Amino acid sequence: MPSPSISHSPAARAWEAFKKNKPAYWSLRIVILLAIIALLADFLAYNKPIVASYQGRIIFPVLRDYGESLFGAKLWEPELRKANWRQLKLDWAIWPPVRYAPDELDLANAPAVGPFDEQIINNPWERHFLGTDNLGRDLLSGLIHGTRISLTVGLVSVGISAFIGILLGALAGYFGDNTLQVSRASLWFGLPGAFLGLYYGFYIRRYALGEALGEGFFPFLGSLAVSIFIFAGVMALVWLPSRLVKRTAWGGKRIYLWVDLTISRLIEVMISLPTTLLIFTVAAIAKPSLFLVMAVIGLTSWTGIARFTRGEMLKVRNLDYIQAARAIGYSDLRIMFFHALPNSLAPVLVSIAFGIASAILVESGLSFLGIGVPPTTVTWGSLLSAARSATGAWWLAVFPGLAIFTVVTLFNLLGEGIRDAIDPRLQES
Amino acid sequence: MTAYLLRRLLFFIPTLFIITLLSFLISQSAPGDPVEQMLVGRAGSGGEQLAERQATLQAYIEKRRELGLDLPIFYFAIVPLAEPDTLHRIPQVPVQEALRRLTYKFGNWEAVQEVYRAYLQLDSAFYASLGDTAWGEKKTEARALLTLIPQEKDYEELRYHLRRLKDMLLPGLMPYYSALAAAVEALPQKAQRWKVYVPSIHWYGTQNQYHRWLMGLLRGDFGISYQDKRPIAQKLGEAVRWSIVINLISIILAYVIAIPLGVKSAVERGSLKDRMITLTLFMLYSLPSFWVGTMAIVFLCGGDYLAIFPPGGVQSTEHSAEWGFFQRLADWAYHLTLPILVYTYGSLAFLSRQMRTALLETLQQDYIRTARAKGLPQRLVVWKHAFRNSLIPIITLLASVFPAMISGSVILETIFSIPGMGFLSYGAMVARDYPVIIAVFTIGAVLTLVGILVADILYAVVDPRISYTKR
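Here the protein sequences come in this chain order: A and B.
Residue numbering for the first sequence follows the numbering used here, starting at 1 and increasing by one per position.
Residue numbering for the second sequence follows the numbering used here, starting at 1 and increasing by one per position.
The shape of chain B in the complex, shown without the other chains (with noise of 0.2 Å):
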């Protein structure tokens, strides 16, 4: 038994890198800058004066390094020769990937680098030179250009914008303006096509994204929410309690429930008893649960129907921790009934139905049979000899109950508005506050193989024949 359980836990470990990849990657395909949006409202962005504008900048890099995104995304990447390793060193995610592009194109970095260097000399000028009495007019439409020609991706049109740029630059920005143009317009000839054509491989080590991501996952540091700039593990902590015991005791009640229902329904099996049973968890198994929940929240929750149950939260706005214990209980559960409710019936109706179908098979076997013949009593039959039996298909189900709750929690703790995991992970997804989602989605991951490896303990526990130690 420990054996098979440390080779099930070593088998973790791959799958462990799979889903942390996974996670990373998703994150990584997430739209816009994180600095950017942990920089709003800090620093106007883009000051008007030169200092303004270099502190704004020291704030962005510094914040960049803070976060490690200046580090490479993972330990080693396949590139063409002609790509160096060091563009993920360049601050601003557009302006990496324009520069990649372009080299992409003409094959040749230094040539690339040229242009870039020429552009950053061009950009301080420009900047320095702002306070200039002789700017008028033309100085915002210069700066947005001079803002978007760094990120342009197509070489003709980054021609096209550096011609239009100049009819709007001073005399005195005319060398830089040149030296821009120039490394722009030598591209072409000092292309090397070839580089291209070259797969290699860079080698980072541990200095990288992914590495640093991962080590704060195993201190339990998900990183910081964008929305109110707060350790994600401390939300998460704080949420997850109103998950743990709406689901704690929904799960108990579906299997205290579902189990002897099933049990009666294989037993009576074609009875009136059992056809009614059948069909009413049928009926509730394809009931969709947020469409119930909605049903309860209009109908039953005030507005303008019946009003037996308060319309969402988990406790009265008067709540207080003044009150005594059973009167603070008394308004939880006036809150949580409902939810509770909605939470178990679904399951509730599957676990039946695994049930009577698993307790079914097992009272056609032989053994069974001979039971009976010997002339044990049938309750004893059914609860001895064919229940332990028939347990594998329900504690299978158990493995996949930790994750249900995490991702059913989603629906019904947004229309019960209970403030556990779910609902923080909806708020974050209407937000984009991606670091969050991510952490969700790794710590659903994480119990997901815990519920696979106590299932595959309890199919030892249960079924003497599953043993694990010799095969």
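Looking at chain A on its own, in the form it has when it is part of the complex (with noise of 0.2 Å):
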């Protein structure tokens, strides 16, 4: 939010508001650290140097793999990419804090070795700080790189489900049942434009679509757009016709299309389905994937956000700028997105806190019970799982658990800040 020097701008009160709420404003900031602590994590905690001197050469251990894992570049002699640096004899090095990969077995230390048992290592920096998991896992590096793992099924799935929420509240809340129209026509002809246009761009391309998918992320993108081509070009064509039909009497009566109504159901339906149970279910039933498990979550959890914006929308649509816009001539949907939009969002911001935290939860939740995320993914709920099977080991049960309900708190104290900033009613009490 851009605070400008003198504003009585509703979004400048708010930030105002929400600077004095000690807690919302310190959560903010630790945020803000935590996500500073998820990009940089290869930098924190890795089993190579950032920087070493090796044979006379001065390498960059931590840049090159990211330069093969991000950019499929060949960087590593064989036998350099496989060694244990730990072990290496380098000139210097500069190391990152924890010298451990999240995924990395150390078996000298395992099973479950405290932070204050005897670790076998060969100097004081190669400490597990807070420990090891049953398999000789490096908890501290674990906590490390997890934070990158639950911010961003944080920000993916509730990205999700803002996305999807923001665009069915607007439409329902700003057309409602009686504003949009179309002709006869357009509708007789586009209805089974549509069901051609995914007929032929997606139904009976799914298999060609299936196996750009195994081929990679760029393939899949290609054919998806071939798809969406085919679907736009069969709909045109279809649609096409609909301009002769439109100018008789029977085609160029209006119609109001249901928007709010239609919307309204679904949302209804949605709510009456049981969201974690059916995450439960779809993640034990796929293959295991992260990402699965983001988009079941950000596609089941768009409804409060949905009925949020609409609520705003139907307040924002009957002021008087939105009907000076419509006056100087304005597109429905330039006013939409550009004008009611924008005044409609802070509600939603508090429901995207909330959201967060509670998909952050569910995820935990998940891989704590082992499904739905794939068994070689660090994360806070699969090493604080591991606590069950290692029993004794207090640091596996304290620590994990601790990191999810901070961020689970960071982000429920973020989200009662921006309500009680946005909602002058408290405020003024």
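It is worth saying that the hints were derived from the structure and are not from the lab.
Take the hints with a grain of salt, since some may be wrong.
Under the rule of at most 25 Å between Cα atoms (straight-line distance), these lysine-lysine pairs were calculated in the DSS-like manner [stated by the list, open to error]: (1) A:Lys20 <-> B:Lys273; (2) B:Lys166 <-> B:Lys153; (3) B:Lys153 <-> A:Lys287; (4) A:Lys22 <-> B:Lys273.
Values in this document were obtained by computation on a predicted structure and should not be read as measured data.
Fit the two chains together into the complex; they arrive one by one in their own frames, and the hints show the way.
Laid out in structure tokens, this is it:
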């Protein structure tokens, strides 16, 4: 949120109010700190140095691994990539503070060695500061990298639900049931057009799409583009004759589209689904994948955001400046997205903050149970579940849970702070 | 009211339909062949001899028919003209899939069918010849390849497999092989690609898998568990007792404690007591219950630390029906105290926070000021005038209580090893026992609907302004 020096815009006032709320303001700072930890996880905990001089050469091993994993470049000599860098004879090196990768098994310190127990290590810097889990994986390293996963899950799943929720809520609230008109001809040609478009674009191409997905992200994107192109082409082709029919008396009749009714019914059905159970069910049945977990959480939790946006839109659309925009002749979509929506988003921010908290909670619950998330992925939830098999390992019970608790609390505080800041009713009292 | 309830129930029908459709679709996307999963261990998969093999195949086909898997999936299907309406009759889903792919590629089902028939003839001739001593080493390899061929989805790969097979077969099988190879090679010439681009509808009527599953559901028949082959309804019936007991106690506890706490906190708004309550509730609300549960198990239930509570389960191993009632009760209480505490605190915190917010809003209303102005005592103002009007959000929560019972139980019952619904479904998730997972999901969804209905009725009871008869 931008904060102009002297401004009385609602956003600026809300920001001022938010800053006065100390717990919420501090939560925001800590969340930003956590985001930085998540971004720099590989520089904070990794089993290779950041910079090292090896046999007279200066190498940046962390960056090299980035190059290989992100860009597919071949940067390593095979023997160096596989080498255990902690035992390599280095002239000098700058190490990350934690010298273990999150999924690295330190068999010498397995199963489950505590932070204060005796550890089999070469020098004090190689201590497992928070101990290891039952497979000998470093707990602190897992927690640092787990931050990345938790925040990603929170952001991506809420990103998906915010996109769907805002779009549907805005459409329902702005258009209602008696604003959006189409001619009967467009409707009667458009619906079969959409059906045929889906049939030719996606249905009979489903094997091609599936194969492209197997090949990689970009082939899939290409194949998807072809599908969308076919879909649009077929729709246009079917829709063209409707221009002619529109001239007739029958076809020219304007019909209202029940945008609000349709979307509200959809929301009502979604609310009657047991969301958590649905997420559990899908995660348990499908192949484990972090993206699937995020997608399912996102696709099932948009109703709250949609209802908030709809409610705000209903208020905003009758304001004078919207009427003015209509009078100038702006198109409905332009008014909706550029003029009405920005003024309706404040309550949605509250839902987003709470949504992130609950998405992180659901994901850690899933990985605690070991469903939905691949077993090799180290997450806070999977670290916590290790406490169940390693009895007496208090560090496994305390630290991962503390991490989950902290992040959930931070986002809840953030949500409350935003709500108090934008709700004028509470400000007065 | 009655009219409203009827209307509400009518709205349930499409929602229920969507829920069952969703459950069914999810179960359809489950990997693996259910029939094979059920037959595992009963008959050797693919016997040495022809008779044995035919017996296995027969058992497979019969089981398929028994489960209704030879039926089409839904009431109708929208498919390309090229696709026949009888594909679902072919046993083995991977083979169906491969044949469909070939049909999509060439558009000519008759030609694809010829390939399949030629394959079947080669297959039975092959198994008839297995006793032949001329086979030697190549037998196993040829058999593996022969199983692979009908499942191959890619045309070029299929031709490659066939070329490899040619060198392995005995001369006696060659005529069958040539027929198959000819049929495969003929596919491109017989291609009728246009048939792929014409959509058509197949209408199957009620003879389909979804209908059958739905009718079973309505009779209370959820199918059979893959794990122990027992009826799911029976398994659920045994498990549900513990879930109901624990959740009921915990819900009642939560409401009984949460409501006075929320009221107290709202009435004394801003006081030290209010701030303490609010802070504590906020912390409790953010505490993940599975963390608290794990901590409790590690630190309080034996292990290396304190041993105040038993390490899970609902009763001791020596527990028996011959014990006196109070002894049994004490044993259960000893085991269930900790789980119930962990179950309760989360919803308790949530409920009190909601109660506080709702009451705060009501207390700002004009009629409350009026009530105060006419000199009513505080107790009467709060409990008689304000309380009842701030119950709406609390009732709304009741709707989400039932499904939360099941989904929340999945984690907590697993931690405390309580043999309830949640533990059952966790076991099913780990063992990939799909019918059980789907049954639990469907029950959860129906319970949600019931919860919403109950909440609707309670709204009208609490607030006379809400009347469903006339708008």
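Each hint, compared with the structure:
At most 25 Å may separate the alpha-carbon atoms for a hinted pair to count; Lys20 of chain A and Lys273 of chain B meet this at roughly 23 Å. Restraint check: the Cα-Cα separation between Lys166 of chain B and Lys153 of chain B comes to about 20 Å, which is no more than 25 Å; the hinted pair holds. A threshold of 25 Å between alpha carbons decides the hint, and for Lys153 of chain B with Lys287 of chain A the separation of about 21 Å falls inside it, so the pair holds. Restraint check for Lys22 of chain A and Lys273 of chain B: satisfied, since their Cα atoms lie roughly 20 Å apart, inside the 25 Å limit.
The structure agrees with every numbered hint stated previously.
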